[in-house]
Amino acid sequence: MLNILMVGNGQCGNRILDAINKQAFGGKTKFAKFYSKQKFKSRVETIVINTAINDLKELKHTKGKDRIHIPHLHGVGANRNIGKSVFTENKDLIMRQIEDRGRFDVAFVVTSASGGTGSSFTPMLIRELKERYDFPIYAIVVLPFREEGTLYLQNAAFCLRDMRDSGADGIILADNQFLKQLGGDIESAYNGINDMIAERILFLLDALDSDMMMVTDLGDFKTVMDGGAGLATIGFYKADKDVPVKTAIQKALSPSGLLFSTNVYDEASRAMIIIKGDKSYLSIDDISNEVEKLASAVGHVFKGIIVRNGEYPQVLAVLTLEFASELEKLYSVAVDAIQHEREKKERVDSKKEINKAFSQLDGLEPHY
Amino acid sequence: MVKLSRTFLLVLCSIVLLTMLSGSASASVEYFEEEIKIGDGYQINNYVIDVTDVFITDKLAIFKVYENGDNEPIHDEMIGINESFNFDLENGEIELKLLSVGSGVLDRASVLITVRNVDTYLTGIVNGGHEYATYSGTPVIELTKTVDEDNIMVDDIITVTVTAKNTGDDKATNVIFSDPKQEHFILDKSILEQTGPMSMDVGASQTVFVYMLKATEAGSFILKSSTATFSNSANQAFPQASSNTPTITVTAPESLEVQKYAVLELSTDVDSMIVARNDKITATINIKNTGDAPASAVWINIIIPQGLEYVDGDSAIEIIGGVPKIYMESFGVQGEKEYPYTVKASELGTYTLTTKLAYEYDDGVNAEAQKDSTESVTENIYVQKGKYDELLEQPIYVYALPIIAIIAIGAWIFHRHKQYKF
Ligand SMILES: Nc1nc2c(ncn2[C@@H]2O[C@H](COP(=O)(O)OP(=O)(O)OP(=O)(O)O)[C@@H](O)[C@H]2O)c(=O)[nH]1
Ligand SMILES: [Mg+2]
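From first to last, the protein sequence lines stand for chains A and B. The first sequence: position 160 = 160 (our numbering), numbered continuously. The second sequence: position 312 = 1312 (our numbering), numbered continuously.
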């Protein structure tokens, strides 16, 4: 049995962890927590951290003792510098909370890249954890909608840089912009995206700790995440009808299955594919064919198979990326954004000069 | 009598004529209006109409028709303006009409050529006339498939060679070879594979495929034929050519291996045969492989009758679709395992617990996995009245029980609510 730590920072991280806790109850309604038990195979500890108390209050499926409030107004207002100093002031409190929960084999930290709290807490938290413990730590990072504004874009760019410097063992990307097609108002789009991420993470946790597995385990996951440029994403497909396993694998690797826009055949560097379902779907020939197709374009591909009687095929793919053209695009927009912010600030500064000019008149009256 | 036979002949003729007309249902007409210089010709398929002389003042021209580039013309006609002459070509007919004549460095004739019911694949002016035209013929591709050995053992390797030769009278163009995948054999190595497209001159030969096949099973097998598609120099496509199909006899090796079996023995024991209602019973499944081959894909289903309830059991037991099951990828020779589980007796009665086992194994002789299954049934389990059953039969508990249940549920919801409150 594995010991798994899951931390969610900031509003986005909090809500995704709450979605994971909710799905773990299995029930579709918010009352599931009253009548069912979470079905984690491993010992999973979930912790959510936020500066804004209202964000923490909104959660429904995370225990009170797992919600950590770091008091600072109502959030840090997307200012990463304030976020960093608030973390430093409260570091001991946060680290004690984690320490109290025993030893872990692996940790996942979830955050948005573009807010204030999560995006500044997460890299610092990972750095602290890395100094104290030697289990692998993976960040799950949500990128903003591109139209959310220049501030968010520049936060995302700097957050990702800090994240790579933090010593994290891998960064799994999910992109709000790319997942936007889920549609609806912003609230239901968020919920939809969070549920997608939660479903994949639960499948992954289940696979890492499954005794019925052939071939993959936490060690393989580490090897996959070591590949590429430290960036990864996850693809997933769950059939709701009789679908050949070949199609299921292809769908998991196609845009509709991925959390981040990439052409896996061009950009991926290592992969792990886990296939779950009834024995009748698990044609070794078909699976090998598809996996080989990917392997010939990518590199090493680990495959795992879980037999589940009577279930339609489900496929999860973890892919590390050698190159992420979508991220390059985001960075070039972010650089423009930073430039733009700087110019705006200079303009404001020069306005201050004008104020100074006016202030020379303070206390004087016109004389005629 | 004479009159009669004449009428008869007339009727016969009209019938023949009618059938001819309806036969050419696909009647087609093409027109070509051309200006041809003296010495040049006009080609239709393998025929060329040369303009050999033009007389400007007399308004006459001389045409000669050649077939297949022969030296002797098959027609030699002199016609005036607005005159025409006809001749048969293949299954159709050509009408050539002189429209006008003109003078120049070389005198010329303008003609209207009407082509009826000819499948034209090649038309146009030929500079220099019939001697300079290209004629098409019939390429014939002969494909030969040979094997170095046709009487082999399983696992032996044969070399298959496919050669092609053009034995026709025209160049073969656009030749594409293909060779189907061979059942009962696996491709061991491909040494040469020239699928084209290529062209083959008259008389040319060519080795197209050389590959090695490994026999995977015993039997007498016919190798599939290789095929070629091709066209002639005029780009007319011809029916696909096929090779011969050698027969290979594959003998099974003297089987040295003895057939092996996986024999899984199954038994289920319970810790007590007489229990009170609401008591628990522990059953233990014992499984042992007493055969000489390992078993694979082992499924165990535990069938619990109504009146008994599955409580929990060994961590290998999973509940799938409400049925407790165990799956093992493999189970070695002489292996033995025990899986305990507990059931609760929820209703009075007599019960048995059934365990069903299915597995596969490789018997070392047959290619496909062998399947086997077995089941075991416990002795009777008697569930009798429990200690409190007597009390429960009192009507007051009929009311008390739901109340206790409601209180318990309320307390649980309150507890959970507090746990998740923030
Ligand atoms: N997928 C998803 N994205 C979210 C959610 N909530 C916020 N975001 C995104 O996260 C970014 C904002 O970051 P937040 O997590 O709200 O910010 P924070 O970490 O709480 O920081 P501050 O509020 O600035 O203190 C924006 O790009 C949002 O689009 C959510 O529930 N799901
Ligand atoms: Mg916030």
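What the hints contain is simulated information worked out from the structure, not anything from laboratory work. Values in this document were obtained by computation on a predicted structure and should not be read as measured data. Keep in mind that the hints are not guaranteed to be accurate.
As the list claims (entries may be wrong) - Keeping only pairs whose Cα atoms sit at most 20 Å apart, straight-line, the calculated SDA-like set for lysine to any residue is:
1) K30(A) - I1320(B)
2) K65(A) - Q1419(B)
3) K1371(B) - D349(A)
4) K30(A) - K1181(B)
5) K39(A) - G1410(B)
6) K57(A) - T1284(B)
7) K37(A) - K1181(B)
8) K1371(B) - E199(A)
9) K1418(B) - F145(A)
10) K1181(B) - D285(A)
11) K1356(B) - K30(A)
12) K30(A) - R1416(B)
13) K63(A) - I1413(B)
14) K1421(B) - H69(A)
15) K41(A) - N309(A)
16) K30(A) - V307(A)
17) K180(A) - F1422(B)
18) K60(A) - I1320(B)
19) K41(A) - I1320(B)
Evaluated hints:
With a CA separation close to 25 Å, the supplied pair K30(A) and I1320(B) exceeds the 20 Å bound. Under the criterion of a C-alpha separation no larger than 20 Å, the hint pairing K65(A) with Q1419(B) is consistent with the structure, at around 8 Å. A threshold of 20 Å between alpha carbons decides the hint, and for K1371(B) with D349(A) the separation of about 83 Å lies outside it, so the pair is violated. Simply put, K30(A) and K1181(B) have alpha-carbon atoms about 58 Å apart, too far for the 20 Å limit, and the pair is violated.
A C-alpha spacing of about 23 Å is found between K39(A) and G1410(B), which places the hinted pair above 20 Å, so the restraint is violated. Straight-line distance between C-alpha atoms of K57(A) and T1284(B) comes to about 49 Å, which puts the hinted pair past the 20 Å bound. For the suggested pair K37(A) and K1181(B), the alpha carbons sit about 55 Å apart, so the restraint of at most 20 Å is broken. This hinted pair does not check out: K1371(B) and E199(A) have alpha carbons roughly 37 Å apart, beyond 20 Å.
The suggested pairing of K1418(B) with F145(A) is violated, with an alpha-carbon distance near 36 Å, which exceeds 20 Å. Using a Cα cut-off of 20 Å, the hinted pair K1181(B) and D285(A) holds, with the two alpha carbons roughly 17 Å apart. For the given pair, K1356(B) sits about 39 Å from K30(A) by alpha-carbon distance, which is inconsistent with the 20 Å threshold. Straight-line distance between C-alpha atoms of K30(A) and R1416(B) comes to about 13 Å, which keeps the hinted pair within the 20 Å bound.
Pair hint K63(A) plus I1413(B) holds up; C-alpha atoms about 14 Å apart against a cutoff of 20 Å. A hinted pair counts as satisfied when its Cα atoms are at most 20 Å apart, and K1421(B) with H69(A) qualifies at roughly 14 Å. As the CA atoms of K41(A) and N309(A) are separated by approximately 18 Å, the hinted pair is consistent with the 20 Å bound. For the hint linking K30(A) to V307(A), the alpha-carbon distance of about 30 Å lies beyond 20 Å, and the restraint is violated.
With a C-alpha separation of about 31 Å, the suggested pair K180(A) and F1422(B) falls outside the 20 Å cut-off, and the hint is violated. A distance of roughly 30 Å separates the Cα atoms of K60(A) and I1320(B); the hinted pair therefore is violated under the 20 Å criterion. For the hint linking K41(A) to I1320(B), the alpha-carbon distance of about 16 Å falls within 20 Å, and the restraint holds.
Comparing the model with each earlier hint shows violations of hints 1, 3, 4, 5, 6, 7, 8, 9, 11, 16, 17 and 18; every other hint is respected.
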